[in-house]
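There are 2 protein chains.
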Amino acid sequence: MQARQQTSFLFDLDGTLVDSVYDHVIAWHDALQEEGIQVSIWRLHRKIGMSGGLFTKALARETGKEFEPDVLERLRKLHAKYYGLRSPRTAPLPGAKELLAYLSDNDIPWAIATSGRIETAGPVLKILGVNPEKNVVITRDLVRYAKPDPDLFLAAAEKLDVDIGSACVVGDSIWDMLAAQRARALGIGYLSGGYGTEELERSGAYRVYEDPADMLAHIDEVGGRR
Amino acid sequence: MQARQQTSFLFDLDGTLVDSVYDHVIAWHDALQEEGIQVSIWRLHRKIGMSGGLFTKALARETGKEFEPDVLERLRKLHAKYYGLRSPRTAPLPGAKELLAYLSDNDIPWAIATSGRIETAGPVLKILGVNPEKNVVITRDLVRYAKPDPDLFLAAAEKLDVDIGSACVVGDSIWDMLAAQRARALGIGYLSGGYGTEELERSGAYRVYEDPADMLAHIDEVGGRR
Chain A
0 MQARQQTSFL FDLDGTLVDS VYDHVIAWHD ALQEEGIQVS IWRLHRKIGM
50 SGGLFTKALA RETGKEFEPD VLERLRKLHA KYYGLRSPRT APLPGAKELL
100 AYLSDNDIPW AIATSGRIET AGPVLKILGV NPEKNVVITR DLVRYAKPDP
150 DLFLAAAEKL DVDIGSACVV GDSIWDMLAA QRARALGIGY LSGGYGTEEL
200 ERSGAYRVYE DPADMLAHID EVGGRR
Chain B
0 MQARQQTSFL FDLDGTLVDS VYDHVIAWHD ALQEEGIQVS IWRLHRKIGM
50 SGGLFTKALA RETGKEFEPD VLERLRKLHA KYYGLRSPRT APLPGAKELL
100 AYLSDNDIPW AIATSGRIET AGPVLKILGV NPEKNVVITR DLVRYAKPDP
150 DLFLAAAEKL DVDIGSACVV GDSIWDMLAA QRARALGIGY LSGGYGTEEL
200 ERSGAYRVYE DPADMLAHID EVGGRR
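Line by line, the protein sequences are chains A and B. In terms of numbering that gives the first Met the number 0, the first sequence opens at residue 0 and continues consecutively. In terms of numbering that gives the first Met the number 0, the second sequence opens at residue 0 and continues consecutively.
Don't read these hints as lab results, they were simulated from the structure. Think of the CB as a built atom: it goes at the ideal place given N, C-alpha and C, for glycine as much as any other residue. Heads up, some of the hints might be wrong.
Stated by the list, open to error - Partial pick of chain A residues on the chain B-facing surface, computed with a CB cut under 8 Å: (1) Val24; (2) Gln32; (3) Gln37; (4) Ile40; (5) Tyr82; (6) Ala90; (7) Gly195; (8) Glu197; (9) Asp210.
As the list claims (entries may be wrong) - Below are the BS3-like pairs computed for lysine-lysine, each with C-alpha atoms no more than 30 Å apart in a straight line: (10) B:Lys64 <-> A:Lys125; (11) B:Lys80 <-> A:Lys76; (12) A:Lys133 <-> A:Lys96; (13) A:Lys96 <-> B:Lys46; (14) B:Lys64 <-> B:Lys76; (15) B:Lys76 <-> A:Lys80; (16) B:Lys46 <-> A:Lys46; (17) B:Lys56 <-> B:Lys96; (18) A:Lys46 <-> B:Lys96; (19) A:Lys96 <-> B:Lys158; (20) A:Lys64 <-> B:Lys158.
The shape of chain A in the complex, shown without the other chains (with noise of 0.2 Å):
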């Protein structure tokens, strides 16, 4: 029999630890329409959680037109200042700083994997009260290629020294979901951000939640003890 290994848990942030999906798409549907592109908005919310990169290629490809790579730059910047006249609102999810203290306090290895920047994911990290100088942060600068690749997954398990094959991400978006299959870890869906359970649930999640909260509330189903 082979050694039981330690579970740990590697968390996407925005829709997962706080509640900043619904910010992302407002500021995105803003973004494209002063750059005169219409996209139905529910559109912008199946997708957010992919790395923008592959996101502008699926927005491309859904309204038939080409991105210029200067259009691509005016929307990276739009999306930036619609989302920054509401991100000093964000709140962290119920329950996001109590879970990640139970972790902390019984030695359960955690870290946080975004597809977002650094500078965009610094000034979240710091309303939920982590230091990415305490703690492991992986954002899309550290890797080559963000979610559903499972490259960011994979970079925070190794830094944790942790085996991926034992650990569970922790995300809100089928995105997450696939690339905890692709990495072959196991999936724990929420639904904070906005996906139906059976969407989170067929993309591979072994397990749902409302939200931290309600996670930290069933602990134990989950391997979460020392």
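Here the structure of chain A is known, so what remains is to put chain B in place on it, guided by the hints.
Frame of chain A; chain B shown alone:
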């Protein structure tokens, strides 16, 4: 054998014909935040389309608070203010105008039935090119109970002079689908409000499309011919 009846279509408005669900979500969140009430945004999203009274009752229950009448009145006004900031940019969903025109051209009865009041629905109907003097539009003001009660759809069928038992209710939220079941109509779900396929199917949708354009492209599947 009973006489075969012509199918008719009773449409929800927000998220079904116009791309306004996320604007309502954000407006409610901004209003609640201004009143010092923290609620996760996805919970607001999942309640949009309910009658305003039930919406605030459900919020009060989930946050464990009681909202005094003056708080409710302020929330209503703040929501209207924040929604008004975004609504001038609201667009029809792809295919919405074309679908209604197709039904009219083919003498297939249709109506709009919305949980909104005429003052918020009015500008949206204009964007859509629907004239409430010429087309059947049932708003919250005209019935005692809004969705998930069936009254709005029953009133729409009555005004169209069609049998609700041969009508299809078309909507983007599970409240539309529950109201359809209570009215003994068939439910058709759209993804354009941000719910997932399975959520709509599990609440009773007998068919799910992405949006009006997708339904128009498959109109023969659901009785859309004279």
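Now the hints, each set against the structure:
Taken as an interface hint, A:Val24 checks out: its beta carbon lies about 6 Å from the nearest beta carbon of chain B, inside 8 Å. The beta carbon of A:Gln32 is positioned within 8 Å of a beta carbon in chain B (closest approach about 6 Å), and the interface hint is therefore held. Given the 8 Å rule on beta carbons, the hint for A:Gln37 holds: about 6 Å separates it from the nearest Cβ of chain B. A least Cβ separation of about 4 Å between A:Ile40 and chain B falls short of the 8 Å threshold, and the interface hint therefore holds.
Checking A:Tyr82 against chain B: minimum C-beta separation of about 13 Å lies over 8 Å; hint violated. Taking 8 Å as the C-beta contact cut-off toward chain B, the hint placing A:Ala90 at the interface holds, the least distance being around 6 Å. Annotation: interface hint on A:Gly195 holds; nearest CB of chain B at approximately 3 Å, less than 8 Å. A hinted interface residue such as A:Glu197 counts as satisfied when its beta carbon comes closer than 8 Å to some beta carbon of chain B; here the least separation is about 3 Å, so the hint holds.
Given hint, A:Asp210 at the interface with chain B, holds; its Cβ is 6 Å from that chain's nearest Cβ, closer than 8 Å. The hinted pair formed by B:Lys64 and A:Lys125 meets the criterion: a straight-line CA distance of about 29 Å does not exceed 30 Å. Restraint check for B:Lys80 and A:Lys76: the C-alpha separation of about 28 Å stays at or below 30 Å, so the hint holds. Restraint check for A:Lys133 and A:Lys96: satisfied, since their Cα atoms lie roughly 15 Å apart, inside the 30 Å limit.
At roughly 26 Å between alpha-carbon atoms, A:Lys96 and B:Lys46 fall within 30 Å of each other, so this suggested pair holds. Distance hint between B:Lys64 and B:Lys76 is fulfilled; the C-alpha atoms sit about 20 Å from each other, no more than 30 Å. Simply put, B:Lys76 and A:Lys80 have alpha-carbon atoms about 28 Å apart, close enough for the 30 Å limit, and the pair holds. A C-alpha spacing of about 22 Å is found between B:Lys46 and A:Lys46, which places the hinted pair at or below 30 Å, so the restraint holds.
Our distance criterion of 30 Å between C-alpha atoms is broken by B:Lys56 and B:Lys96, whose separation comes to about 34 Å. As the CA atoms of A:Lys46 and B:Lys96 are separated by approximately 26 Å, the hinted pair is consistent with the 30 Å bound. Pair hint A:Lys96 plus B:Lys158 does not hold up; C-alpha atoms about 53 Å apart against a cutoff of 30 Å. Distance restraint check for A:Lys64 and B:Lys158: the Cα-Cα separation of roughly 43 Å exceeds the 30 Å cut-off, and the hinted pair is therefore not satisfied.
Comparing the model with each earlier hint shows violations of hints 5, 17, 19, 20; every other hint is respected.
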